[in-house]
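Asks: Anchor point for the sequence shown: position 12 equals 12 in UniProt numbering, and the numbering is continuous, going up by one each time.
When the alpha-carbon atoms are kept at most 30 angstroms apart in a straight line, the in silico BS3-like pairs for lysine-lysine are as follows:
#, residue 1, residue 2
1, K182, K231
2, K182, K260
3, K179, K203
4, K119, K167
5, K228, K265
6, K260, K219
7, K203, K228
8, K153, K123
9, K167, K153
10, K212, K182
11, K260, K228
12, K155, K119
13, K219, K179
14, K179, K228
15, K179, K212
16, K203, K188
17, K231, K265
18, K219, K265
19, K123, K65
20, K212, K228
Computed Cβ-Cβ distance ranges for the label pairs, DEER-style:
#, residue 1, residue 2, range
21, G226, D127, 48 to 56 angstroms
22, T263, G226, 18 to 26 angstroms
23, E244, D127, 35 to 43 angstroms
24, A68, K123, 15 to 23 angstroms
25, A68, E216, 53 to 61 angstroms
26, G226, V205, 15 to 23 angstroms
27, A233, D267, 14 to 22 angstroms
28, E209, Q253, 17 to 25 angstroms
Derived from the structure by calculation, the hints contain no laboratory data. All values derive from a computational prediction rather than experimental measurement. Every residue, glycine too, gets a C-beta built ideally from N, C-alpha and C.
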Amino acid sequence: MNTNGAANQQTSNGDEARPSHSGHRGEVEGVGQAEPGTAWIHELFRLQHSMMQEQQQAFMAQQEKLIAEIWKTAHLKQPVNGEQLSDVLASQVRDFHFDPDENATFAGWFSRYEDLFEKDASKLEDDAKVRLLLRRLGQAEHERYTSYVLPRKPKDFSFAETVSTLKGLFGSRESGVSKRFKCLQLQKNGLEDYVMFGCRVNKSVVEAELAKLSEEQLKCFLFVCGLKDDKDADIRLRLLSRIEDNEETTLTQLVEMCQKMVTLKRDTVMIESEKQINVVNDEKVLQRSGTVRSIEIAQKSTNGYGEYSQQ
Numbered sequence: 001m002n003t004n005g006a007a008n009q010q011t012s013n014g015d016e017a018r019p020s021h022s023g024h025r026g027e028v029e030g031v032g033q034a035e036p037g038t039a040w041i042h043e044l045f046r047l048q049h050s051m052m053q054e055q056q057q058a059f060m061a062q063q064e065k066l067i068a069e070i071w072k073t074a075h076l077k078q079p080v081n082g083e084q085l086s087d088v089l090a091s092q093v094r095d096f097h098f099d100p101d102e103n104a105t106f107a108g109w110f111s112r113y114e115d116l117f118e119k120d121a122s123k124l125e126d127d128a129k130v131r132l133l134l135r136r137l138g139q140a141e142h143e144r145y146t147s148y149v150l151p152r153k154p155k156d157f158s159f160a161e162t163v164s165t166l167k168g169l170f171g172s173r174e175s176g177v178s179k180r181f182k183c184l185q186l187q188k189n190g191l192e193d194y195v196m197f198g199c200r201v202n203k204s205v206v207e208a209e210l211a212k213l214s215e216e217q218l219k220c221f222l223f224v225c226g227l228k229d230d231k232d233a234d235i236r237l238r239l240l241s242r243i244e245d246n247e248e249t250t251l252t253q254l255v256e257m258c259q260k261m262v263t264l265k266r267d268t269v270m271i272e273s274e275k276q277i278n279v280v281n282d283e284k285v286l287q288r289s290g291t292v293r294s295i296e297i298a299q300k301s302t303n304g305y306g307e308y309s310q311q
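Using the sequences and the hints given, assemble the complete structure.
Replies: Dropping the structure here:
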């Protein structure tokens, strides 16, 4: 009986073990089947979150655009205080003082502040820009300009006209030929490095406007610069004047001018020599006439026999 009881107990234990084992397997399978359902839910949440972010970004962009338009409209409607703006701009500009020996010209000064007048002062009226410009002239320069435009007044001119007049009035006294000649004679000195020398060369070439020279103009320029002898000083001066007056002058024309001047000089020397010969001949004639006259007077005084006549 004990044996049967043990068997029955084992059988019952085995029966109990089986359900327990199969129940555990069911739980594992149940978990495995739940994961796909969770994944699509997560994907749905992700898509919704992404859509919400896109909508939020679009909304923020619309708000920024709206704010910018409102600000722009309010800014346009706000009146500009010309006096305050002029004072602010004037404090950023240094006074102009003309010094031709140091190449301190109005053109160089204005190039430094040109953007300020064109952009920062664009909201000012044209006459206000003229007043701002004249405020930064030195006392001597302002006096010279106002005297130059008399009997008209500075307010009678536009900003562009004022700038053009000041460039001519306080411009460089060097001619284009002089600038080009100095440009070709540049040499590096011992006190400057290569960067400084390069900057000086660049500035000199730009100011000399070498890029604007045609091949024929360059020939003429080199021809004149080569006439360095003292005897060619007069010819060199005339050639420079010709080049300045007529930019279309050719090298052939300059050579012909030189030949003509040489011929004229020879003719002048010949005429002067002929004149001197005539003067010498006249003096000889006068001397002969004087001698003959003296003889005649002497003969009259002695009656031709060496005796003085009594009167």
